[in-house]
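As given, the protein sequences belong to chains A and B, one line each in that order. Each residue of the first sequence is one higher than the one before, counting from 24 in the working numbering. Each residue of the second sequence is one higher than the one before, counting from 1340 in the working numbering.
It is worth saying that the hints were derived from the structure and are not from the lab. Cβ coordinates follow ideal geometry from the N, Cα and C atoms, glycine included. Check the hints yourself; a few may be wrong.
So these bits of chain B aren't anywhere near chain A, every CB distance computed over 12 Å [as the list claims (entries may be wrong)]:
id, residue
1, Leu1387
2, Thr1422
3, Glu1556
4, Glu1565
5, Thr1592
Straight-line Cα separation of at most 27 Å, DSSO-like style, residue types lysine-lysine; simulated pairs [claimed, not checked]:
id, chain 1, residue 1, chain 2, residue 2
6, A, Lys110, B, Lys1386
7, B, Lys1386, A, Lys170
8, B, Lys1760, B, Lys1677
9, B, Lys1677, A, Lys76
10, A, Lys60, A, Lys105
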Amino acid sequence: MINRAHRLLKIQDNVNTDYIISGRYKFRIRDPGELAKHVFEDVEEDFYKKIKKGDFLVSGENFGSGSSREQAPLALKASGLKAVIAKSFARIFYRNALNLGLYLLECNTNYIDDSNELELDLEKNVIKNKSKGLNIPFKPIPPLAKKILAEGGMVEYFKKHGGIEVEP
Amino acid sequence: MGKTIAEKILSHHADKDLRAGDIAICKVDACFGQDGTSSLIIENFEKLGKKGVFDNTKFCMFIDHSAPSPNIGVSTIHKMMRTFAKKESVKLFDIGQGICHQLMVEKGNITCGDLVLGADSHTCTYGALNIFSTGMGSTDLAIAAASGKNWFKVPETIKILVSGKLPLGVYAKDVILSIIKDITSKGANYMALEFYGNAIKHMSLASRFTMANMCVEMGAKCGLFEADRKVLDWVKSHAKRKPQPVKADENATYAAVKEYDVSSLTPQVSMPHEVDNVASIEAVVGTPIDEAFIGTCTNGRLEDLEIAAKILKNKNLAGHVKLVIGPASRDIFLSAAKKGYIDIFVDSGAVVVAPGCGPCVGTHNGVPADGENVISTANRNFKGRMGNPGAHIFLASPATVAASAIEGKICDPRIFSKRLK
Chain A
24 MINRAHRLLK
34 IQDNVNTDYI
44 ISGRYKFRIR
54 DPGELAKHVF
64 EDVEEDFYKK
74 IKKGDFLVSG
84 ENFGSGSSRE
94 QAPLALKASG
104 LKAVIAKSFA
114 RIFYRNALNL
124 GLYLLECNTN
134 YIDDSNELEL
144 DLEKNVIKNK
154 SKGLNIPFKP
164 IPPLAKKILA
174 EGGMVEYFKK
184 HGGIEVEP
Chain B
1340 MGKTIAEKIL
1350 SHHADKDLRA
1360 GDIAICKVDA
1370 CFGQDGTSSL
1380 IIENFEKLGK
1390 KGVFDNTKFC
1400 MFIDHSAPSP
1410 NIGVSTIHKM
1420 MRTFAKKESV
1430 KLFDIGQGIC
1440 HQLMVEKGNI
1450 TCGDLVLGAD
1460 SHTCTYGALN
1470 IFSTGMGSTD
1480 LAIAAASGKN
1490 WFKVPETIKI
1500 LVSGKLPLGV
1510 YAKDVILSII
1520 KDITSKGANY
1530 MALEFYGNAI
1540 KHMSLASRFT
1550 MANMCVEMGA
1560 KCGLFEADRK
1570 VLDWVKSHAK
1580 RKPQPVKADE
1590 NATYAAVKEY
1600 DVSSLTPQVS
1610 MPHEVDNVAS
1620 IEAVVGTPID
1630 EAFIGTCTNG
1640 RLEDLEIAAK
1650 ILKNKNLAGH
1660 VKLVIGPASR
1670 DIFLSAAKKG
1680 YIDIFVDSGA
1690 VVVAPGCGPC
1700 VGTHNGVPAD
1710 GENVISTANR
1720 NFKGRMGNPG
1730 AHIFLASPAT
1740 VAASAIEGKI
1750 CDPRIFSKRL
1760 K
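So here's chain B without its partners, still in its complex pose (with noise of 0.2 Å):
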């Protein structure tokens, strides 16, 4: 019987023939902590009584989800991040330097084949780079950083085929969404996701990292793509170490097979409160928004920005309508000044915030008020996820969300289509 990626990942890591429902002990090959979580890592870490972090190149720490702080509280958690960092000489990205997933396939030193632990959800992001990588929580890490390894179930996959062109307008973002749509918030907990397809193919690596990145929402540990071209001149450009590709085998089992056409996908969005809540963008057209977020781990990326910037140029934001934009790191907010966006967004109305992930969070940089809708190319849009419960958040794509902040409402961004060739 052959075997699922996942499969190959974690029996090459745990050295020993494992299969789906197998529980091991595995090796890792990197793993960090944000400032959400490292508290507790170090907490837990430092009743472990072991003597220091198992590979000083292996653990980092980011400052990324109040960055910078924005009270007390946080800001005696980011000093004790900082000390730690320097008494076991592990690298702390701090303020500004962007959030975790984005710099950890910029600079993280990640490649092909590894198995990655993060203290943070949306870990799944570079199952894009063809990594089993999962979020777990401090307890996790502070073991895995102490021993440079953990316990790992075998997950059971579901293939995913996603096929067809997509039509003008219409992004990864919406693919996702609207394969959340049908799997469900629990439809894939506790297993892997595999994507493939001619749709896949065409995709840019920014636009597979919003895929991964959502995986989570369905409750699933990763989602990983193959290592092809593209992937593999990522990985040799942002990483030191070897790609080892892991293909599935063609006899491998899987838990479900699933098959989306996105040639006639139209944007989507998903409604307050689930993730799971998506629909077709004519069902929420002209919903009256009062601010909109471009960025996140999600849709912060170079490639996000442009897509805002062109038809953001030349315009104005509807008159009551607050537009914040994070770039997901200091490159991306290098490259997008260089290129001209931030020009342009600063020009239309919209603020531009520092690299992190304050606004999605709710720790900064936007809390909504009371009755307030908020649209946002985020990834969760829980009640109070933003910092108030009594908002409403609707999630979208960056096209999307940025005709939306001009029109004062939700917004068709194919009214742009002439602006998006």
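Looking at chain A on its own, in the form it has when it is part of the complex (with noise of 0.2 Å):
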């Protein structure tokens, strides 16, 4: 299966919570599937019918800043979206994201263009860039946050340990 790359067109850096999905709908609808329907909507419209399951959001630096509305990684995940990639995070989408088992890769997503062809390869710690032929090493996951990720997020990591661990 083939899993391509989508980038914004207009906002490269700090995108924020309001645009993954506008708080006009976050405070009405609890469906994931109708938010995932929004997603984007205000900086480009209709971007949520180019997602494929699998896929990957490409962005810049500080990727979900702004409120802590986890309806955010939520409408992304339901999109069908496997991961963003992005240069960096903002603080309280990163842990929203690993709560709910959304993949987000920091590495220099300069070598990635929209509609590019991916493979995500997690033991290595490499994006293959197969439309261009790149391997674009990205910062590997922290460990809790890997056991986390590895549950499918955090409320099944927790009833399974009955509790969080940091000790290694």
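With the hints as a guide, bring both chains together as one complex.
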């Protein structure tokens, strides 16, 4: 299966949670699938239609800044995205995505253009850009984050372990 | 090696010696959700399968983001929160009581040295009370509500020294906007800030809340202030628990030290559509405005309303301007009424709405039309923030917003300096 990169055309850095999912929807829609239809609606119409299951969103610095709304990563995950790849992430968004089992990968995204074909190698910490023939290393995922992601999110992790463990 | 305030508070709550970069489990002293985040807290909490909230005096909920409810979807969420609060015997602050961040400092029983989590990014506001308080998402709050704990990465700290006497017509909002301009919206990502200096010392607590509130606009986890006499007086009159003030060590390690002299600072305005897109007032004076908004967890306190009342007294709004005013809490609303500010606002043509967040987050109470310019005392001006991506939002102090509402265009509040003395 071919999975592609999607880039927002107008904004590369500081993509905030209001852009990901507008406050207009967060307060009245609870169904993640419905929320997903409105991702990036205020910055690019019908963006969600481009996303196929397992695809990647690619952005610049400080992705996910702003509000603490978990509906932002929830809507992104429900849209079918496997991971968001950016140069850096805002703190609250990082935790929220992790808690929901959405992968966030930090690397130099200058090497990824819109609609490039990508493959993720979580063992070797590289993103293979097949369109460009490049292997792009990403910052290794911290051990606790890896464990949470492996369970599919924080709720599952917590249930399985009866709490959170940070010791190695 | 000495420690920063953040390192000390987190070490204390983890019962071990922590340094910036360490990851640890910490106990929390208080945690909460609001009506934009609580439905997911409740859903996740129920999935965790725990018997109940870890301590029903340490978790509470606020209905403030859309209060009173503007539609059926929101009413359903409010009902869900009321049912959960009753079942778990936790405190619910219902419509009209105010914005979570004002109510936490007024009635949250939080004190110096605490570790507080909120499912709202502006939870950093209580840093002004020497509290490590930070925003997280709903799942993290569900974990905290179920276990009384969560995991934390100890942040590095930037030390900020603010010196000088603020000129007339220039306020804490202008100070923090000028700092955000310098540090930028990502410049303090994952970090804590510590504020010092004689300009801070002379600020009221309300002004310090304004500054701490906006630390997240630089990406910061929290913005911490020292527990001076003003802070101790506040917590003694608002919290039942004993304060445990935390000071940074003199030889603590900082990621950076920034110094600002505010003695010749001018009114500042954040321009659309990024908070760090800040300019001095001259750059935008004369920009026509359609709507003005005074309120929010940033600037909806009594001193903010007092400044607005001084400017608006016996004045009328420019013919086409809609001015919306939302006190940050019921207590502030009542005090403003007693002092006559509400009369002044209504006389001027302003609309006073129930304490809450509404206009700032675009849920109701003043959604702008396409192409309209809004000047607001809030903390965010992202495209679509007030409910319409076709509008343009400028952020400024209550004085600048009130003056602009009278003039019908962005206006330097210092032309009203006689009223501001």
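Taking the hints in turn, this is what the structure says about them:
1. Leu1387: violated (6 Å)
2. Thr1422: Consistent with the label, Thr1422 (chain B) stays out of reach of chain A, its closest Cβ about 15 Å off (over 12 Å).
3. Glu1556: At roughly 8 Å from the nearest Cβ of chain A, Glu1556 (chain B) sits no farther out than 12 Å, so the non-interface label is violated.
4. Glu1565: Fine: 24 Å to the nearest Cβ keeps Glu1565 (chain B) off the interface.
5. Thr1592: holds (20 Å)
6. A:Lys110 - B:Lys1386: violated (33 Å)
7. B:Lys1386 - A:Lys170: Holds, because 19 Å separates the two Cα atoms, which is no more than 27 Å.
8. B:Lys1760 - B:Lys1677: OK: Lys1760 (chain B) and Lys1677 (chain B) at ~21 Å, within 27 Å.
9. B:Lys1677 - A:Lys76: violated (59 Å)
10. A:Lys60 - A:Lys105: holds (16 Å)
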